[in-house]
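Asker: Residues per chain, in single letters:
2 protein chains.
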Amino acid sequence: MSILVVGSVAYDGIETPFGKVDRILGGSATFISITASYFHSPLQLVGVVGHDFADEDLNKLKARNIDLEGLQIDSSGKTFFWQGRYHFDLNNRDTLDTQLNVFEKFDPVIPDSYQNAKVVCLGNIAPALQSKVLDQIETPDLVILDTMNFWIEGARQDLEATLNRVDVLIINDSEARELSGEPNLVKAADRIREMGPDTLIIKKGEHGALLFTNGSIFSAPAFPIVDIFDPTGAGDTFLGGFAGWLARSGDFSDDNFRRAVIYGSAMASFCVEKFGPERLLALTPAEINERYTAFRTLAEIPVQRDHTF
Amino acid sequence: MSILVVGSVAYDGIETPFGKVDRILGGSATFISITASYFHSPLQLVGVVGHDFADEDLNKLKARNIDLEGLQIDSSGKTFFWQGRYHFDLNNRDTLDTQLNVFEKFDPVIPDSYQNAKVVCLGNIAPALQSKVLDQIETPDLVILDTMNFWIEGARQDLEATLNRVDVLIINDSEARELSGEPNLVKAADRIREMGPDTLIIKKGEHGALLFTNGSIFSAPAFPIVDIFDPTGAGDTFLGGFAGWLARSGDFSDDNFRRAVIYGSAMASFCVEKFGPERLLALTPAEINERYTAFRTLAEIPVQRDHTF
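Just so you know, the sequences run in chain order A and B.
Quick note on numbering: the first sequence equals residues 1 to 309 in full-length UniProt numbering.
Quick note on numbering: the second sequence equals residues 1 to 309 in full-length UniProt numbering.
Keep in mind that the hints are not guaranteed to be accurate.
For chains that are exact copies, the list does not tell them apart, and a pair is met inside one copy or across any two.
Derived EDC-like pairs: lysine to aspartate or glutamate, alpha-carbon spacing no greater than 16 Å straight-line [said to hold, decoys possible]: (1) LYS187 / ASP89; (2) LYS187 / GLU206; (3) LYS118 / ASP55; (4) LYS20 / GLU182; (5) LYS105 / GLU138; (6) LYS187 / ASP227; (7) LYS132 / ASP107; (8) LYS60 / ASP173; (9) LYS118 / GLU153; (10) LYS274 / GLU138; (11) LYS78 / GLU104; (12) LYS132 / ASP55.
Since the hints were made in silico from the structure, they are not lab data.
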């Protein structure tokens with residue numbers, strides 16, 4: 001079972017209350033693939049970079065065993081660049097600069113060798129492009145989609161057409177409310193699941209995540225982190241851990257979706273410890289296992305024992 | 001082991017997106033004692049009401065087996081009255097009217113028969129009054145305190161003196177940040193626990209609650225409620241379920257504190273289903289047990305099984 005990841009490969013300029021970096025590897029496809037690479041291979045990336053993309057960064061991806069046949073190198077321009085500054089509480093950020101560069105004309109072409117991908121991760125790009133990717137894949141077992149308020153507001157029709165072809169949608173709470181028109185998240189989930197995705201994950205940042213499947217609702221905690229250094233890429237990292245675990249295990253049961261949510265949350269909790277994907281590039285399987293166990297301890301509700309009614 | 005509850009007994013006028021009630025039984029001591037009465041007796045209430053307090057409402061408390069020797073009836077004025085309107089999302093409310101009435105001169109006097117109370121619940125009143133209550137109790141096993149931003153801002157010195165005498169503090173996330181001066185809740189919890197309480201519970205409304213003890217952090221989910229009708233009293237109800245379970249079991253271990261948080265959350269999830277304490281007055285033990293189990297299912301993280309690293 002191969003994983004296909006489509007999204008942006010970029011450079012980020014990041015300022016947080018704890019430091020500043022002018023230019024660091026970023027982009028949704030980058031975070032998703034680096035993360036998923038801990039769980040499964042082959043891992044196939046589709047994206048575009050410009051003439052300024054450094055060999056050093058290409059090598060970081062290669063070192064994670066990521067198949068780069070689908071990474072276009074467009075020598076006509078520079079790599080997508082985003083610059084932002086996080087506020088004191090790290091929950092909000094201001095975009096200081098966005099240069100789409102070669103990403104503006106990104107036209108995802110799926111190489112022949114990718115076409116039998118089984119787990120497809122559609123990172124946050126235009127819904128029309130996400131659909132175009134699906135047109136090129138033969139028989140995916142699981143399609144996972146990320147999107148954002150920008151597309152909910154600006155490309156709603158395209159988004160609804162794409163949602164109809166998707167198994168799992170991953171969005172945050174304000175996006176879920178906007179997409180459904182429902183303030184109550186349980187009702188919002190019902191409406192969104194009627195739009196296509198059987199499974200919905202609502203990310204709530206420092207409050208964890210909710211998983212809605214046919215059978216049940218699962219409330220996953222967030223890992224209590226003392227020093228959140230840089231939240232950039234945490235959402236994509238969540239998707240990478242989630243998809244990676246499902247591809248690794250090949251089990252799409254409710255229980256295993258829960259495990260996938262915890263692996264996603266665990267990977268995201270590492271991601272925020274350093275700038276960009278730095279922490280993700282230096283993980284060990286033992287650390288991942290340990291954090292999974294820490295999540296279980298964190299959320300463990302003891303059985304009712306004595307003194308019940 | 002007896003439970004002592006000190007706080008307000010009031011009438012509330014409530015408007016939510018789903019309905020309106022002009023005058024219904026309310027107040028922190030009311031919600032705490034009705035809730036705790038499902039878990040343990042004797043349950044001793046200390047509060048004050050005015051000449052307008054209805055026999056019908058007294059009888060509701062008596063029917064729950066609540067000892068009212070400490071409920072002063074001050075015929076010089078009317079009962080504390082609060083009126084508020086909730087916004088569409090139910091997370092915010094506007095206070096439309098506050099008439100302190102006899103509550104303005106409330107001077108808690110603990111009857112002789114209450115003085116060996118073992119679990120003491122100090123509802124949200126002036127910290128100086130909370131201290132005054134503690135002066136009158138011989139050897140409490142567990143003192144639980146609720147407070148709010150009004151006292152954090154306006155009576156900080158009194159509050160710090162009281163906190164020093166308390167075992168468990170229950171506040172919400174914005175109050176925790178304000179009290180500690182720390183945006184990060186893990187750091188906030190460390191600072192607050194240095195002020196006195198060994199155990200801290202941070203309530204996060206629709207996002208659940210965090211329990212900080214010496215040994216661990218516990219993240220409790222919120223119950224996903226489709227129809228939140230009226231949030232009034234949910235925080236006091238949490239305290240009542242928490243304290244009630246601890247008094248019932250007499251076990252102050254970390255694991256049992258977790259159970260107490262879930263019982264508190266379960267009771268609060270019932271509270272919001274109807275106006276005021278209506279739903280709480282009509283519960284069955286079977287319903288409480290069932291909801292506890294539903295919380296366990298909601299938060300259950302499966303063990304890592306196959307395919308681990």
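Asker: It remains to establish, for every hint, whether it holds in the given structure.
Answerer: Comparing the hints with the structure gives:
1. LYS187 / ASP89: Answer is between; shortest inter-copy Cα gap is 13 Å, intra-copy 29 Å.
2. LYS187 / GLU206: between (22 Å within a copy, 14 Å between copies)
3. LYS118 / ASP55: neither (29 Å within a copy, 69 Å between copies)
4. LYS20 / GLU182: neither (38 Å within a copy, 22 Å between copies)
5. LYS105 / GLU138: Close neither inside one copy (25 Å) nor across copies (76 Å); limit 16 Å.
6. LYS187 / ASP227: between (34 Å within a copy, 9 Å between copies)
7. LYS132 / ASP107: within (9 Å within a copy, 72 Å between copies)
8. LYS60 / ASP173: neither (33 Å within a copy, 40 Å between copies)
9. LYS118 / GLU153: neither (30 Å within a copy, 57 Å between copies)
10. LYS274 / GLU138: neither (38 Å within a copy, 52 Å between copies)
11. LYS78 / GLU104: So LYS78 and GLU104 pass the 16 Å test inside one copy only (11 Å; across, 69 Å).
12. LYS132 / ASP55: neither (29 Å within a copy, 70 Å between copies)
Going down the numbered hints, you'll see the structure goes against 3, 4, 5, 8, 9, 10 and 12, while the others check out.
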